[in-house]
Amino acid sequence: MTIMETRKHGDAADGMVGGRFSRLDGKLKTTGGATYALEQPVKNLVHAVLVQSTIAAGRVVAVDAGKAKAAPGVLSVFTPEDDLGLLVASDWFGNRPDNQPFHPLPREVSFNGQAIAAVVAETLEQATEAAKLVKVSYEETQPVTGLDDPNAGEGRLVDMLSVGWGDAEAAYAAADIRIEAEYRTPREYHVPIEPHGLTVKWEGDFLTVWEPSQWTHGMARTYAEWFNIPADNVRIVSPFIGGGFGSKAMGYTYSAVAAAAARKLGRPVKLAVTRPQTFTAYGGRAATRQTIRIGATKDGVLQAIVHRGASETSVLADFPEQTGAATPLLYAVPNLSTQHRLVPVNTVTPGALRAPGKNPSAFGLESAIEELSYAIGMDPLELRLRNYADHDYQSGKPWSTRQLREALTVGAEVFGWSKRSHEPRSMRDGRQLVGWGIGCGTFPVLKAASEALIRILGDGSVEVVSGAIDMGQGTYTILAQTAAEVLGVPAEQVDVKLGDSSLPGATVAGGSMLAGAITGAVHKAATAARDELIGLALNDSNSPFRDTGANTLVIADGRISVPRGEGPSLTLAELMSAIGRDRIETQRNTLPEGANGPEDHKRSWTTMANIEGPTAGDLSMHSWCAHFVEVKVDEDFGTVRVSRVVSAFDCGRIYNPKLAESQWRGGIIMGIGQALLEEGLIDERFGRVINNNMGDYLVPTNADIPHIQVISVGIPDHDASVLGGKGVGEVGIVGVAPAIANAVFHATGKRVRDLPITLEKLI
Amino acid sequence: MRDFSYFRAASTEEASRATLDAGAMLLAGGTTLLDLAKCGVTEPDTLVDITHLAGLGDMTVDANGATIGALAKMGEVADHPGVKAAFPAVAQSLSLAASAQLRNMATIGGNLLQRTRCSYFREPGVFPACNKRNPGSGCSAIGGVTRNHAVLGTSRACIAVNPGDLAVALVAFDAYVEMGRRRVAIEDFYMLPGETPDWETVLKKGEIITGIAIPASPAAKNSTYLKVRDRQSYEFAAASAAVGIEFEADGKTVRDIRVALGGVATRPWRARAVEQSLIGTVLNVEAVEKASRLSVEGAVSHGGNRYKIELAPRVVARAILTMGGLA
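Chains as they are written, first to last, in my numbering: chain W, 1 to 763; chain S, 764 to 1090.
Derived from the structure by calculation, the hints contain no laboratory data. These numbers come from a predicted model, not from an experiment. Do not rely on the hints blindly, as some may be mistaken.
[As the list claims (entries may be wrong)] Lysine-lysine pairs mimicking BS3-like chemistry, simulated, CA-CA at most 30 Å apart: (1) W:K67 with S:K847; (2) W:K43 with S:K801; (3) W:K397 with W:K298.
[Claimed, not checked] So, partial list: chain W residues that the calculated Cβ filter (under 7 Å) puts toward chain S: (4) E125; (5) Q126; (6) E635; (7) D636; (8) F637; (9) L677; (10) D683; (11) I690; (12) M694; (13) P706; (14) H707; (15) L759.
We treat Cβ as the ideally placed atom computed from N, Cα and C, and that holds for glycine.
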């Protein structure tokens, strides 16, 4: 009945899709009006404080909790002695062992900083002080502290991550020009401004959890399985999140401890993970190393890429930080082989941190490409364009859209790349060496189904309701824009309710896929609501449109009227009043019709099993970017400052340029931190990260960040999503670190292959 | 919960008496106190509040020099026109330290007593061995991650770096620490760790820093503070230098030069050998670089901090060359 043309980005200044619209939740957050999980006012609350291990490997022999239990206000001390009665929950794909007990406070210690006890007291201060009184005795064993530990070994090959075509080894051996180098990245951490933690409350067998969550439905399933209660008995509430970056998409051991303590004690429990504890309460990005060999002709045509990578994981579980994730995608190469190994060490299980895999992978490949450009004496921009991949060599499929050439050429133009002199050390600004570098990035389009509810209320206002979340990326805002566009009302008239697992189902806010998934669901539900409203307007006996003879109606600027004709024009409120309705409600999801039952819903909203990868269909779909970076290096001191960034992005259609640009800039800033500052410093004697605080784990300050110009070169990609967008959130960090390393080489002639590029590596 | 009592002192004398009690600590800006209390390093039984005491925050700058009350805030001193004119290195050392929020809270007296950033010192629950915290228990840092540890003035008992910036500038210009009836040259105020790294200063139990006095000098007036670090702001120095130079009437021969180093030593580090080798000379790049290398005479590396031995002379040289118009 109604057909909506999507508009190209940037041409909707009215706050509709594509409009440059400020964050609807911005004022609440900046004025302190947003209530975060740990601020949730709950009566009768008690406080839990974790005790973490101080050895990296071994066994808890005994926990002396006597003094702690005797301390004022202490209600209970939980230790490995206590059976909390929990069961192991499903993994991300919904696989679950039968009736396997889960001990979130284990006896076996497998990393330094592992939670092994928890103290619950009436106040936070009492619990904190009593936690210091818990005495743990251990039986220590020799830990493996990292990739360089002599006992770490070369790791286990992950077969499913091996990619290859042609004969890469032979083509490399036969190539005129060959380069080979090893690249390394250290442990890196999310450090969101809102630390982790939760407030939990039981009412009978019903559990409410206020916890920052990138995935309310997935986490609700986890809690339900831990406690062996129906999924509907758990409600995760997470309307506001102070940054997640991948770290808030699952329940962690401390989450289980808090909920179990609340059940045992019959009181609501708050557990705030301290900033130092966050470094081991969940995993950051794993340390990686990768060797890249590239063979090329003398005039820079790639012949072979041989890639051998490894990342550390814990001794408890596998989390591969896939060093080969970007390697097969960026360039045309007739022969390629990548392999990735997993090396178990005594660390917390690593986790997803903004562009997992793609990020360290691009650091290796994009550094190596510039090394090749110097080996053959060719401008690195020209080298990249010469080897432009016209299709996806890995899958053999055509790209859906790939504006990477435009990103490179437009970025170069805006940056002024043609003014660069290729020789290292050839550009100066007074005493400072100046360097320019490029880094390309990619991130796959992942697709998942989601569900949304639309309500048109009697006063003409609109509600969008979904369990999807907004961790700062702008979900509230773009959903208001999506509904506003479909329903022809100003975006201010749309109220968006998110972040609650009792609301309609949504996929995880991860893999840069939520915006594409949930705008699709909202678009569908809003279209249905619009159709229903117009149907009522045409057919309801009390509607002034009933006798107009029109077969459809137009809604724009909050008014409903007959298309191109004389006739009534009513506000939505007037129409709702005329037809005697206080609400129109439509709930829709984007699952296919044949697979839309309760089990399909559960699988889609609470697992990642139904997520489609970038080559699930006939096309290969990815976001792309090219970063152009200028650095200034004081060679005497080895200090590097990024002085200019121009980055061009192909993320398809942009739903809200202001918010997309903000995400891109955020990714670039995080990339600057990764390139120059961020590194978990591990004391190899103890396997412990010792800079576990924000005074010592350095992220960029405002003073470290120059003007960052971001440019969209994307075109709508309706294969990638209903509204034509591709993922925005993660691609921005991919390629930043190599662009900086390349610029540092151009400035100084020194190639730093292990991040971060701190001053001692340059003096 | 760890209970402590709070006592609002009516006078400096009363505060002094109150801090004679074991477990009593002064509360001024509170920035270090709160930080260390959260780490579990500092566990006072009594906080003696002196924040309101009249006169302790006063500042005067005249031809003879500056007197700065112990309760003056870092930010106030950094922005004081008289300090900026007569002691640029002092003002710069403060404005390059900490963050704006901390500078607005932290006091000068507290700043002089700030504790080391050594990770092993700051996690008592994990690293029980720390001679600074617990005399005789050993040093966890030696053999560990030492990127930010001292290369000068270390002992087998302690290699923790003194993190200050202000004190470095004060050491360069022969400032005094006033403690009521007693004053000591700031260089004598700080002690080397030796076998007793828990004794960091000559401040006695019951003594209170009431202020600092910085004598005016041509070298102090023509001075700079150079702080080098990976992050542009809000990071302790990898190496820093306070340098002031007075030239003879010819405008090029060095009459007086002051050099002090920060971020590399267990206390603010005056580099007299550098000064002596340049007094009476006309500065040139080669001579300055050679002289600056004297600043790390006797330096000892512990692995991760080896770069500081290379970096510190470069920082010193740059600061000297800058003040000599050669950089």
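message: Under the constraints set out in the numbered hints, which ones does this structure not fulfil?
response: 1, 6, 12, 13, 14
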